[in-house]
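A.B. asks: Protein chains in written order, with the working numbering: chain A, 1 to 241; chain D, 1001 to 1305.
Hints in this document: simulated from the structure, not taken from any laboratory. Positions of the beta carbon are idealized from the N, C-alpha and C atoms, including for glycine. It is possible that part of the hints are untrue.
[Unchecked claim] Simulated restraints, written as ranges between beta carbons of each label pair:
# : chain 1 : residue 1 : chain 2 : residue 2 : range
1 : D       : Glu-1156  : A       : Asp-126   : 12 to 20 Å
2 : D       : Lys-1163  : A       : Asn-169   : 45 to 53 Å
3 : A       : Ser-115   : D       : His-1032  : 48 to 56 Å
4 : D       : Met-1248  : A       : Gln-84    : 21 to 29 Å
5 : A       : Ser-115   : D       : Val-1236  : 43 to 51 Å
6 : D       : Glu-1193  : A       : Gly-37    : 44 to 52 Å
7 : D       : Glu-1156  : A       : Ser-106   : 30 to 38 Å
[Claimed, not checked] Below, simulated SDA-like cross-link-like pairs (lysine to any residue); rule was C-alpha separation at most 25 Å, straight line:
#  : chain 1 : residue 1 : chain 2 : residue 2
8  : A       : Lys-173   : A       : Lys-89
9  : D       : Lys-1276  : A       : Phe-88
10 : A       : Lys-89    : D       : Lys-1305
11 : D       : Lys-1187  : A       : Arg-95
12 : D       : Lys-1124  : A       : Arg-127
13 : D       : Lys-1293  : A       : Gly-102
14 : A       : Lys-75    : D       : Glu-1294
15 : D       : Lys-1305  : A       : Asp-126
16 : A       : Lys-94    : D       : Glu-1294
17 : D       : Lys-1276  : D       : Gly-1302
18 : A       : Lys-152   : D       : Val-1283
19 : D       : Lys-1276  : A       : Ser-55
20 : A       : Lys-19    : A       : Lys-75
21 : D       : Lys-1305  : A       : Ser-55
Single-letter residue listing:
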Amino acid sequence: MLELRNISYTPDGVHMILKNVNLKISDRFVAVTGPNGSGKSTLAKIIAGIIAPTSGQILLDGVDITDMSVTERAKNGISFAFQQPVRFKGITVKRLITLAAGREISFAEICSYLSEVGLCAKDYVDREVDASLSGGELKRIEIAMINARGTKLSVFDEPEAGIDLWSFNNLIKVFRNMYERTKGTIIIISHQERILDIADKIIVIDGGEVANYADKDDIFQHLINVRSTCRKASGEVTVNG
Amino acid sequence: MDNIQKELLRQVADIHEVPEGAYSLRINGKLHGKNSTENIQIVTKEDKPGIDIYIKAGTKNESVHIPVLLSQTGIKELVYNDFHVGEDCDIVIVAGCGIHNGGSGDSEHSGIHSFYLAKNAKLKYIEKHYGAGDGNGKNVMNPTTYVELAENAYMEMETAQIKGVDSTDRTTRAVLAENAVLKVSEKIMTHGEQYAKTTFEVDLNGENCGTHVISRSVACDNSKQLFVSLINGNNVCSGHTECDAIIMDNARVEAVPKISANHAEASLIHEAAIGKIAGEQLVKLMSLGLTEKEAEEEIVGGFLK
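Build out the structure end to end from the sequences listed, making use of the hints.
C.D. replies: What follows is the structure, encoded as structure tokens:
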């Protein structure tokens, strides 16, 4: 279980990006959503250890990991998929997936991770993870790395960003498979209704605070009510409509 | 050969013993051995130190090894090696210099290599420089490469200097005829107080000839690097030069590119980038469980691979 206790983040001492966030995440598949700039990505980076919170505590399975480095958290079972995957001159897809697995792995195993995200292994294993790869290809490799790690907590920061519609359908399949195959917790930051739809629970972040954390169906009902209220307020529908 | 010399040989030529086929092995300023084959003649120069290598027209799938090893401190030598590659050849030449300096005198090897490729000849030239030893004396290597490519000739040149060379001043000059192609890939890493200067000067004289020069380097500690390139487009031609450097610690890197188009249909590009390792690259690898140091080594290793 991942627990965030009173997490706040004020990078410049003035503007609070996150305000006193308290969360206990024990469900298998949790989606984090909310408006742009609400603090979702910051929250993900704080979980991965990339950003240190100004105050508060983070616990993973009861162990305080607040002061752990990115490396230590990775070794303790946290994986993080970047919203904008990083490019490396000279490092191949094979090497990155091997590093992610943390051991020497067979071509067949690399092949299975790449096939899972819709990439043909023989075309990609020896490719360098550099500017020759498209944004969509990089996103898929990023997800393949998380699969290769197979940790107890995987955090994805907007995996759908930069992915075309055809790939997006496959992406949903990838997460469904991941959900069925892994025993760990998956946290996905997303704006996409179809991704939210496969989650067990949804966390809504707004203005740096947890606005809602409930079962998917309750959140969806709430969002529909909000939408309906907005449309009424803007005069799009009549009161009777 | 003793064990130090064998290790130097392994580092610069990836071999453990005297190579098979055509070779010339020079140890501590003297010719240690050489071998010619039916198609490749290696002849010792009489007027100055060095060798002439004559490769018969049409020779394919053969290689020549010409390693130089210095394991005594204080040796300074200047060697001239001329390669005459016949028409329609397709061969590989592996050169390299390994210095193990355990004493206080400076060890210095300056090799002047000239390549004359006839029409349609194809050559891959691999050159590695390596230094070792815990003495106070410096390891100095100053290679000069001169390349003449005739019509349709093709040459790939891979050079690497990854470790232990205190000072180097490398110069490569090339002249290309019609449809000739020259590809150069250089890898350099400097540590401590080392200094490395590389100069490329390519004259694209023939119609539709082209060159692609890529230099990747890493400068650590207090080391200094200077990259100078000059491509002259004198005909319908294409030229691309790229200097990509990672800078660390208190190192200094300078890139001086110059492209000069003397023909309206010369297409020349220069790219130069110098910067430290991107923080996001380190973080990404750390998020896979690597320590910061391991991540740094992985990035540098990949970059110079």
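A.B. asks: Taking 43 to 51 Å as the stated bounds, is the beta-carbon spacing between Ser-115 of chain A and Val-1236 of chain D within them?
C.D. replies: About 46 Å separates the Cβ atoms of Ser-115 of chain A and Val-1236 of chain D, which means 43 to 51 Å holds.
A.B. asks: Just to be careful, I want the Cα atoms of Lys-1276 of chain D and Gly-1302 of chain D compared with a cutoff of 25 Å; is the pair within it?
C.D. replies: holds (15 Å)
A.B. asks: Between the alpha carbons of Lys-19 of chain A and Lys-75 of chain A, is the straight-line distance 25 Å or under?
C.D. replies: With Cα atoms ~28 Å apart, Lys-19 of chain A and Lys-75 of chain A exceed 25 Å; violated.
A.B. asks: Decide if the proposed pair is consistent with the structure: Lys-1276 of chain D and Ser-55 of chain A, CA atoms, cutoff 25 Å inclusive.
C.D. replies: violated (31 Å)
A.B. asks: That 21 to 29 Å hint for Met-1248 of chain D and Gln-84 of chain A (C-beta), does it hold up?
C.D. replies: holds (24 Å)
A.B. asks: Between the alpha carbons of Lys-173 of chain A and Lys-89 of chain A, is the straight-line distance 25 Å or under?
C.D. replies: Judged against 25 Å, a Cα distance of about 30 Å means the pair is violated.
A.B. asks: Go ahead and decide if the range 44 to 52 Å is satisfied by the Cβ distance of Glu-1193 of chain D to Gly-37 of chain A.
C.D. replies: holds (49 Å)
A.B. asks: Keeping to a limit of 25 Å between CA atoms, is the pair of Lys-1305 of chain D and Ser-55 of chain A held or broken?
C.D. replies: violated (43 Å)
A.B. asks: Lys-1187 of chain D and Arg-95 of chain A were given as a pair; does the straight-line alpha-carbon distance stay at or below 25 Å?
C.D. replies: holds (20 Å)
A.B. asks: Would you check the hint for Lys-94 of chain A and Glu-1294 of chain D, treating anything up to 25 Å between C-alpha atoms as holding?
C.D. replies: Distance of about 17 Å is within 25 Å: holds.
A.B. asks: Within 25 Å, alpha carbon to alpha carbon, are Lys-89 of chain A and Lys-1305 of chain D?
C.D. replies: Holds. Lys-89 of chain A to Lys-1305 of chain D sits at ~10 Å (cutoff 25 Å).
A.B. asks: Taking the Cβ atom of Lys-1163 of chain D and the Cβ atom of Asn-169 of chain A, is their distance within the range 45 to 53 Å?
C.D. replies: Holds, since Lys-1163 of chain D and Asn-169 of chain A (Cβ atoms, about 50 Å apart) stay within the stated range.
This entry does not satisfy hints 8, 19, 20, 21, going by the numbered hints stated previously.
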